[in-house]
Amino acid sequence: MHIALVVDPERLLTDAAAVQRLAVALAGDGVRIRRILPPARDEPPLLRMIAASTFDFDSSLFFRPSRLGALSSSLEDDPPEIFVSFGARAFIAAAELADDMDAGLVAMVSTSDELDATALKRHTGRLDLVCAATAPIAARAARVVGEQMVTVLPLGVPVPSRRDTFVASPQSLAIAGTGRDVGAYRAVFAAIADVMPALPEFQVAIELPPGHDPRLWALAREFGVQRVLNGVSRLEMVRPLALACGVFALPEAIHGVRSVVLEAMGLGRTVVAMDDPFADHLMDGVTALVVQERDAREWTAQLTKAMLDPATAGAVGAEAAVRTAAGFASARCADQLAAACESIMRGPSIPFPGAGTSTAKA
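Numbers -11 to 350, taken from this note's numbering, label the letters of the sequence shown in order.
Hints in this document: simulated from the structure, not taken from any laboratory.
Heads up, some of the hints might be wrong.
Unchecked claim - Here are the simulated lysine to aspartate or glutamate pairs, EDC-like style, with alpha carbons at most 20 Å apart:
1. 293 / 263
2. 109 / 88
3. 293 / 182
4. 293 / 323
5. 109 / 84
6. 293 / 283
7. 109 / 90
8. 293 / 307
9. 109 / 135
10. 293 / 281
11. 293 / 272
12. 293 / 169
Model the full assembly from the supplied sequences, consistent with the hints where possible.
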């Protein structure tokens, strides 16, 4: 079996490590893999052994057909049998390549926002399967393309055999988000100001990606928390440092999953998150501490449990690690994707693993 993994720039920012692990796992199982990626990337030596092509996803619409045609021609000597897309722009390229080569087409979707941006309806004649990261996203996708074409199959993250080898810093917090919802960050900063006096070595890694609201720093000064904030453009850029934080805070709903947060959960970190109807893996008091409103008092209560109540934080983190290993382990997800692709190649009479089983509502 020959699979092409098509990854656009947006998904590469958040899921480069996860896609790399997927490629290695599939190749290790004897699947031939070709990666189609944006140009100008650095890779570890192991990945250079896996075939790769480049495509400029940022090229103008005028040049796009010719560049896709050139890429298609370059693949003719060893054409992939299935194209698997990661990202809305990757799906368009994968669909056109699959059309040219009469190949299978699979879309891997991690958030409801990505699902809404992906042109599934335009390519339903070619599309074989939508792999949704959570059951609520799968239910939403089923309303677009039909339940028989959707399954719950996340990208997956590494699961350590021993969590105690990855020690967390108990007085450190990582904040993941777009930085655009000032009201949400106001509540979080107020909560940080409340717990700071009890944490003399408290430090925060806060994500400030391009497009974040510049008023956040003024807000931090207003609450007197700027001295503990350490801004980074993306947590993935400081992944080891981020994963060493004992607590992750999500002021804004992700509307699905994000690999670095799943990795933290797999390590037993405590996640404090806004309520997210598309994140069924974030269960209040079980795998996370969920905040229902953008309210400073509620954030303070949950952040206090995460930072100052070791028994509660430890129990939630331990259960998160167990459930993340069961539902999002890289090896398991790679096996499921390989099985789904084999089913596509054999024909529609073979059911996809998990297809049509989701009853969750968006």
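Checked hints:
| no. | hint | verdict |
| --- | --- | --- |
| 1 | 293 / 263 | holds (17 Å) |
| 2 | 109 / 88 | holds (18 Å) |
| 3 | 293 / 182 | holds (12 Å) |
| 4 | 293 / 323 | violated (37 Å) |
| 5 | 109 / 84 | holds (14 Å) |
| 6 | 293 / 283 | holds (16 Å) |
| 7 | 109 / 90 | holds (18 Å) |
| 8 | 293 / 307 | holds (16 Å) |
| 9 | 109 / 135 | holds (14 Å) |
| 10 | 293 / 281 | holds (17 Å) |
| 11 | 293 / 272 | holds (12 Å) |
| 12 | 293 / 169 | violated (24 Å) |
Of the numbered hints listed earlier, those contradicted by the structure are 4 and 12.
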